[in-house]
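J.: Residue numbers (UniProt numbering), protein chains in the order written: chain A, 1 to 503; chain B, 1 to 503; chain C, 1 to 503; chain D, 1 to 503.
Hints listed in this document are in silico derivations from the structure and should not be mistaken for laboratory results. Remember, predicted model here, so these are calculated numbers, not experimental data. The beta carbon of each residue, even a glycine, is placed where N, CA and C say it ideally should be. Some hints here could point you the wrong way.
[Claimed, not checked] A few chain A residues that don't get close to chain D, going by computed Cβ distances all over 12 Å: (1) Arg144; (2) Trp153; (3) Arg239; (4) Arg377; (5) Thr436; (6) Gly463.
[Claimed, not checked] Here are the simulated PhoX-like pairs of lysine-lysine, each with C-alpha atoms no more than 25 Å apart in a straight line: (7) Lys420/C / Lys356/D; (8) Lys457/A / Lys446/B; (9) Lys439/C / Lys356/D; (10) Lys392/A / Lys420/B; (11) Lys324/A / Lys420/D; (12) Lys439/B / Lys440/A; (13) Lys420/D / Lys356/C; (14) Lys420/C / Lys497/D; (15) Lys33/C / Lys40/B; (16) Lys118/D / Lys33/A; (17) Lys440/C / Lys40/D; (18) Lys118/C / Lys118/B; (19) Lys439/B / Lys356/A; (20) Lys40/D / Lys40/B; (21) Lys271/D / Lys175/D; (22) Lys118/A / Lys439/D; (23) Lys152/A / Lys439/D; (24) Lys420/B / Lys497/A; (25) Lys497/C / Lys235/D; (26) Lys439/A / Lys439/B.
4 protein chains.
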Amino acid sequence: MKKQLQLSSKGKPFNNYVTHCVGTGRMGLALQKEYQEHLKFVQDKIGFSYIRGHGLFCDDVGIYQEIEKDGKPFVYYNFTYLDRIFDYYIENNIRPYIELGFMPKALASGDRTIFYWKGNVTPPADYNKWVDMVKATLTHLIERYGRDEVIKWPIEVWNEPNIGFWAGTMDEYFKLYECTARAIKEVDPDLKVGGPAICGVDTENWLHSFFKFCRDNNVPIDMVTRHCYMAKQPKIVGRYVYQEMFDPSYMIDELKMTREIMDQYDIVRDKELHITEFNSSYDPVCPVHDTPFNAAFIARVLSEAGDYAQSYSYWTFSDVFEEKGIPAAVFHGGFGLVANYMIPKPTFYTFEFFSKAGNELIYRDENIIVTKDKDGRYCLIGWSYHDPRDGKTLDPVSYEITLPAEKAQYFSVTKVVGGKYGNAAQTWSNLGKPRTLTKKQAEILKEAAKPLRYDSKVFAKDGKISVNMDIECNHLVMTEIFPVNDMTDTYWEFDTKEFYGLE
Amino acid sequence: MKKQLQLSSKGKPFNNYVTHCVGTGRMGLALQKEYQEHLKFVQDKIGFSYIRGHGLFCDDVGIYQEIEKDGKPFVYYNFTYLDRIFDYYIENNIRPYIELGFMPKALASGDRTIFYWKGNVTPPADYNKWVDMVKATLTHLIERYGRDEVIKWPIEVWNEPNIGFWAGTMDEYFKLYECTARAIKEVDPDLKVGGPAICGVDTENWLHSFFKFCRDNNVPIDMVTRHCYMAKQPKIVGRYVYQEMFDPSYMIDELKMTREIMDQYDIVRDKELHITEFNSSYDPVCPVHDTPFNAAFIARVLSEAGDYAQSYSYWTFSDVFEEKGIPAAVFHGGFGLVANYMIPKPTFYTFEFFSKAGNELIYRDENIIVTKDKDGRYCLIGWSYHDPRDGKTLDPVSYEITLPAEKAQYFSVTKVVGGKYGNAAQTWSNLGKPRTLTKKQAEILKEAAKPLRYDSKVFAKDGKISVNMDIECNHLVMTEIFPVNDMTDTYWEFDTKEFYGLE
Amino acid sequence: MKKQLQLSSKGKPFNNYVTHCVGTGRMGLALQKEYQEHLKFVQDKIGFSYIRGHGLFCDDVGIYQEIEKDGKPFVYYNFTYLDRIFDYYIENNIRPYIELGFMPKALASGDRTIFYWKGNVTPPADYNKWVDMVKATLTHLIERYGRDEVIKWPIEVWNEPNIGFWAGTMDEYFKLYECTARAIKEVDPDLKVGGPAICGVDTENWLHSFFKFCRDNNVPIDMVTRHCYMAKQPKIVGRYVYQEMFDPSYMIDELKMTREIMDQYDIVRDKELHITEFNSSYDPVCPVHDTPFNAAFIARVLSEAGDYAQSYSYWTFSDVFEEKGIPAAVFHGGFGLVANYMIPKPTFYTFEFFSKAGNELIYRDENIIVTKDKDGRYCLIGWSYHDPRDGKTLDPVSYEITLPAEKAQYFSVTKVVGGKYGNAAQTWSNLGKPRTLTKKQAEILKEAAKPLRYDSKVFAKDGKISVNMDIECNHLVMTEIFPVNDMTDTYWEFDTKEFYGLE
Amino acid sequence: MKKQLQLSSKGKPFNNYVTHCVGTGRMGLALQKEYQEHLKFVQDKIGFSYIRGHGLFCDDVGIYQEIEKDGKPFVYYNFTYLDRIFDYYIENNIRPYIELGFMPKALASGDRTIFYWKGNVTPPADYNKWVDMVKATLTHLIERYGRDEVIKWPIEVWNEPNIGFWAGTMDEYFKLYECTARAIKEVDPDLKVGGPAICGVDTENWLHSFFKFCRDNNVPIDMVTRHCYMAKQPKIVGRYVYQEMFDPSYMIDELKMTREIMDQYDIVRDKELHITEFNSSYDPVCPVHDTPFNAAFIARVLSEAGDYAQSYSYWTFSDVFEEKGIPAAVFHGGFGLVANYMIPKPTFYTFEFFSKAGNELIYRDENIIVTKDKDGRYCLIGWSYHDPRDGKTLDPVSYEITLPAEKAQYFSVTKVVGGKYGNAAQTWSNLGKPRTLTKKQAEILKEAAKPLRYDSKVFAKDGKISVNMDIECNHLVMTEIFPVNDMTDTYWEFDTKEFYGLE
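Can you build the whole structure from these sequences, using the hints too?
T.: Shown next, in the form of structure tokens:
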């Protein structure tokens, strides 16, 4: 049964921050060629404005250095890799969304680390040295990239201090935040600082406490940052983590709740809310990330999240990532929009499609948005997701949509992701699940990763055009409809019936 | 109704010369950037061995030069453009199939020209000067590219002397051929020379006469060359030529006839037959060239032509072409495999698909070939064509094919051209038939030009695999079936049902 | 003997329009790959704003087309090549400086042509058809590239109507100018039109007559255009033209004279003067163009021309050029800044060096300019030229220049063209004067074409720095002096004497 | 005073293995973009056949993995990074010279590590697991790259077991060598294995003991490997190590001695000797590596080493290197032929020049080699080095060399490195010693890094040509002399005196 929609062209602004920011594996990985190729690819096709990841101060980037001089430790800062990484970002038209962390070993108060790559999560042994490092780094960045540029780079203090990423208490985090925020403003009062960068554990307590702390101590805060994941308890089997998901409305509710808490505090009421990480599962070996299910699931989030947050940074753009070790196979459940060998996953298209959405929202429900641009283009994005582990599948969702026409003729192009199309993990399975790929296999997978695509003419009738959209279970669909000038008449000798079936 | 085919793996060699040679617009166009981009694209995807076109000696390439010295004409040769063109070819891994012609104005005996670009088709005013030019050119090529290389470049004398491309008589052509062939052998006896390069007019008379002439006068001939087109009488309307086609068997019959005549003469009985031009229509503004009909129609030719000829050179690889003037629109009925803006046409895929055929032919009928490679890959190519101007369409042709399996598991990938897929001219029509393209339109057309593609797993049963092929009217289909090592078991913790529908 | 210059940092604006415009071979050549590679190279290194050449309306670009329809001629316009050419220009960040000409054969009133490539120079047979073509072309350009862009493209009517480029009289040119200028303004009043595009023959008469004509008939004119060459009578020997040159002051005087005449007419007094062609010799087979003499000679022009003209377009950027036929050897006396195989000639560096001049002119004489930028960089360019055919050579010109220092330390880098350096034609002669190049030879010549280059530290003393410049005969020299922050002290352990001679 | 050399064209084969192998920072660094760019650059210009470095089995490459399965450790191998690295090598036309080491943490018997990047140097806790890993890795490589390819990759067991790179005794190394060598031969008897990979400490004892051990136990050995450095005791100051050098004859003597010991043992007498590492200093922060001194010093080694060893692998091709931490400045005394930002150092040219040496050695002394090719090209390389810390400098070494001429005319091209030319570290010092570079600075340094270059004609006289070579202290010079066909006469109208000084 088709839903009938008779839409007017009058909509409201579509709050769409889909290209604002994207997550990345640790900074040190940005030195890699494969990483850079993925980033270039993603920027060419989607074009994010900012990129955020961990590890700026870790020893593989190596900023903080101590050597002995005259028998005493002598501190200096090594920006060789930092400059190379940020140069790469700028070349790719993406700006750093700076996350200050984790702890250089020489500055650390303890040994606790996180991840395969062993990020030290302990508080600084000496807060003055930490502050000096922060200030030296920012000062260096301003010298190299210019003040006008660097004040556009938001700065977040640490990552998820409410769980194992921080070996200190809540108060210790507040101490870190305070001295860091003040240091940042000392370097330049126009630099933007935010926190508390928490994930969804004990959230309300942390938010209230943090806002009170900032308010009571007059600590600078320019934006509120937090994370949202939508996975239930994990089942760990070997290298894999298997999980079920909450509904995407879970995340929308979290955003609403955060915004409501913010509204209770003058200091943040009018500030931006940045979701500096989000995804379905929070685990980089959970199969969900490679699936069309995820593409449709995330689409639902993107359709509404912008009403509550000004940034939601998908964690992450690429499977060049090492938190749980080096990927043991091309498809392994990694976070990336792009798998290794530069193969786009279904969710890559969720971001590509939403980056093409019009700036006016004409219609939205649980499965579709209808948007429009000033130049008369319509952009429809549909999705349907269902976890098939219950052995069931959803019926296709079908729409017949009538839209106002300003032109006599339109060009409609549709792209479909799901099933046999744009589903590279399935093709990889068909190929026998090779761990690494030959050139030939990589080529096959790149081809396979493309959506189904077809186009057609649409003629207006009585000032309206009519389009269908059919969305199968665990599929993502986009239809763009462009107004067209038909020039057939300028070919006066053009006899369509002589064109072997051309329409 | 499906045809059932139970095939054994035992076939015969597939005589497949699809990548041997391809045609090109006049040599001077090879200087152009757009031409070079198309050539690179075609070589990357198909990889022809040779390229043949007109105009080597025309004044836009400018080899023959006369200036005044001490009051008398002084001849010299200018290889500036020739070297640039042939350097480009070599860089693109394609060798010249040299056609000697047409006539430099300063050497011509008359004014008659052919084409928008005005190739002079008159015999030389002075045969000695012609011979000198031929020898100087070949000598120069040997110096520049090395003898071992240049003796691999076949040399054809003139083009279609049996119609308006030659202002002389048959005897005058034989005179030209004789002095040219002898000159070539003087430069190096291992250089290969051939003719008579005729098209399908008065063919039998020309072939007999030519072979007798060579035999009786002991004139060198290393290969026989001729052309084959399959179009009926044209209807000319404005810039377009509308034509109906003979059946492809028309061309196969021409090849057989030619081979039979060759068999009557010792001097050519064991020589190669090179079809140095072929296509459906011989006119560069005939819409047929842009259609899926043509893709299927040409496929039928390619399925069998190699049994009778050792080369059949599709005329031409690119729409960078000016015989009837500068193309007035992206799609205009040009010969090219690739339209301007580097958009592959349906027939491009006919060549790409046949370039992937296996070297063993297991089965062939009027709609399909089934081939196999030593590495166990099967390659099936199917086609179905019908001129829809009678208002009819053919029913799909369907096969169920059983093939011997050497492995337990296979990977099958299918590509379909026709209808909504791989049919860029239709998308161009949907876009309103723009004459030139914006960047955005060019992008859309490049995407649209790709075939439909999908893949699947195939499991062997009782040492056999079973595959279906369904071929709609005016469609071209290829299915490749690769043996696969399934590695799923090496992921001991891999629980398929946890993979959200992955199969 | 050294000239001693004690300079203050206070200068005047340097009127430097060196990168405003550059000349090109006919439009049709812009389709070529070699042409495009040269253009990209020149734009990367020098970066011109506009490009101007002949042949927009010639039949190889093929805009004007007539076919028969219902027994009558039917006119249409083919923008296939025009769009490709202008797309290429825009991609290379260079804008068309449109020259309207020559005459499509189908529109021509006669057969007279010019050049190897046979540009028809006769007036239109039908001025209405000419005007229609101009309007259709401009309208198309506005549709494709946008009005805001196209109104930045100056439009010149015809080329050198005062000599053999125009088969009509002066009055007939004025007629052409008038109807064309009015047509342009009809398309958009903000489009800029200019003329009379004359060369230096009967100049004063033409200028006065043209300005009077425009004034008396109220004909639009937005800028005055003319050409300047500096060669004396030619001696023609075979393919070469040998010429002596006037002094560059000859051109400067021409500019002054033109400006003085302009000052006598209200309609052009405040308008820009565009030298839409200039060079030493006006002949594309005159050896002077390949020499270091020319580099120094043109430098003298560039040092002052901007005081009188707002554009001076060197004729031409590349040896991809066919006015006297296809180049018969790499070095052949062509106009280009870049020889074939993308080898920069000495004069290439004249333009590169002047493109780096500072915007403030501190000192200028017959052999040198001293300029400065806001960021404290000094840029000195020196030259010395002498035609050595009198068997003499000039002594080096030497300067010792004292400049105010704002920093304690400077970095000085010098580039020298002439003699053994940056003189590819000499290396080509050393290689035996090959007509076309092997890859190896092309590599050698590209390396050879680079200037001598060295750098050094300069320390300020009493707030001043002192630099030497020595300019040998037929050499061009540039010295750039950058202020530097010395960071040696931040390497506390750096012991210079341990660095094996590092200073 | 010039040395006069009258040379005949008769020489002996020049044993020149300069391009056989080159060293690299640890394998994991090969994932980096900067590393890959340097490698591509070096391969384009020099073209090494093999590359050798540490860290194949370290945890950043991550081959060896243990996870828990059913409560027990389950071993698997992760070739994700290994394949990527070796794919890159193959793409760059360089083959791995495999060094088996160091120890994965999960396999290690202890905690001892070496370098900033902490390579574990302890013997395996379980030799069976080590052997399994070696065999699995080689088996995988053969599957991926093919047996015919992989048997061309020499395999060396461990690195410098005679010093701190091995936490075991000599006997323990022999044990490791034996089980590893046998495992290799089990995988494929045609795989090549070698050792003992020692540096110059206790050399004679190690060589004798190792050869005896292999002989007595019938252990496979296909080539002998060792290292050679030429530095005296270091003085460590902050981040720098200052050292004086032995004379290069020190290394030549080491090679002779090694060869003499090899000659005493049947099992290695006819085997190749591979110097798998060599350089002046063995320390990556010793300024010598950045200097023209080093370029000349290493030239002396290259002129003779091939008489005693079949491979000598310069340690290393690039400053992408981390043994003593992340480089703290562009020039910091790193081993690389290429500094960061892809700036070639003087010693880069030593390798480039020697890669162009002819295969016939006509003359050799302490400062020069004269070589010749079959095509008649002469190649002369000269050098002169002196450690200037004694405040002295050597006089230039000058030669006047007479060589047999087969042609009437030659083309001579000379390149000079030293002083103001090809000395990027000096330019970097002139720029103020910036730690990281702006784009502009990187460009300046790349330009500065090029040698001085000039060319000239050389005319034969009495069947001989005469060339000069002048070599200043701490300079490197190459002169190539090519036979030339002078074509001036084919330009009959060419009047040299009209060419403005062209010779």
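J.: With reference to the structure, classify each hint as holding or not holding.
T.: To see whether the hints hold, each was checked on the structure:
Here Arg144/A does not stay apart from chain D, with its beta-carbon only about 8 Å from theirs, under the 12 Å limit. Its beta-carbon lying about 18 Å from the closest one in chain D, Trp153/A satisfies the requirement of being farther than 12 Å from that chain. The claim that Arg239/A is not at the interface with chain D is violated, since a C-beta of that chain comes within 12 Å of its own (minimum 6 Å). Every C-beta of chain D lies more than 12 Å from that of Arg377/A, the closest at about 37 Å, which supports listing it as non-interface.
For Thr436/A, the non-interface assignment is contradicted: its Cβ lies about 4 Å from the closest Cβ of chain D, within the 12 Å cut-off. Interface exclusion of Gly463/A from chain D stands, the closest Cβ pair being 54 Å apart, more than 12 Å. A threshold of 25 Å between alpha carbons decides the hint, and for Lys420/C with Lys356/D the separation of about 23 Å falls inside it, so the pair holds. Between the alpha carbons of Lys457/A and Lys446/B the distance comes to roughly 18 Å, so the proposed pair stays at or under 25 Å and holds.
With a C-alpha separation of about 17 Å, the suggested pair Lys439/C and Lys356/D falls inside the 25 Å cut-off, and the hint holds. The suggested pairing of Lys392/A with Lys420/B is violated, with an alpha-carbon distance near 32 Å, which exceeds 25 Å. Among the hinted pairs, Lys324/A with Lys420/D is inconsistent with the structure: their alpha-carbon atoms are about 51 Å apart, more than 25 Å. Among the hinted pairs, Lys439/B with Lys440/A is inconsistent with the structure: their alpha-carbon atoms are about 30 Å apart, more than 25 Å.
With a CA separation close to 23 Å, the supplied pair Lys420/D and Lys356/C stays within the 25 Å bound. With a C-alpha separation of about 18 Å, the suggested pairing of Lys420/C with Lys497/D holds against the 25 Å cut-off. In summary, the hint linking Lys33/C to Lys40/B is supported, as the alpha carbons are separated by about 13 Å, within the 25 Å threshold. Our distance criterion of 25 Å between C-alpha atoms is met by Lys118/D and Lys33/A, whose separation comes to about 23 Å.
The suggested pairing of Lys440/C with Lys40/D holds, with an alpha-carbon distance near 20 Å, which does not exceed 25 Å. Straight-line distance between C-alpha atoms of Lys118/C and Lys118/B comes to about 13 Å, which keeps the hinted pair within the 25 Å bound. A distance of roughly 17 Å separates the Cα atoms of Lys439/B and Lys356/A; the hinted pair therefore holds under the 25 Å criterion. Restraint check for Lys40/D and Lys40/B: the C-alpha separation of about 23 Å stays at or below 25 Å, so the hint holds.
For the hint pairing Lys271/D with Lys175/D, the CA-to-CA distance comes to about 22 Å; that is within 25 Å, so the pair holds. About 33 Å separates the Cα atoms of Lys118/A and Lys439/D, which puts this hinted pair outside 25 Å; it is violated. Of the pairs offered as hints, the one joining Lys152/A and Lys439/D holds, with about 21 Å between alpha carbons and a cut-off of 25 Å not exceeded. Restraint check for Lys420/B and Lys497/A: satisfied, since their Cα atoms lie roughly 18 Å apart, inside the 25 Å limit.
As the CA atoms of Lys497/C and Lys235/D are separated by approximately 13 Å, the hinted pair is consistent with the 25 Å bound. With a C-alpha separation of about 30 Å, the suggested pairing of Lys439/A with Lys439/B is violated against the 25 Å cut-off.
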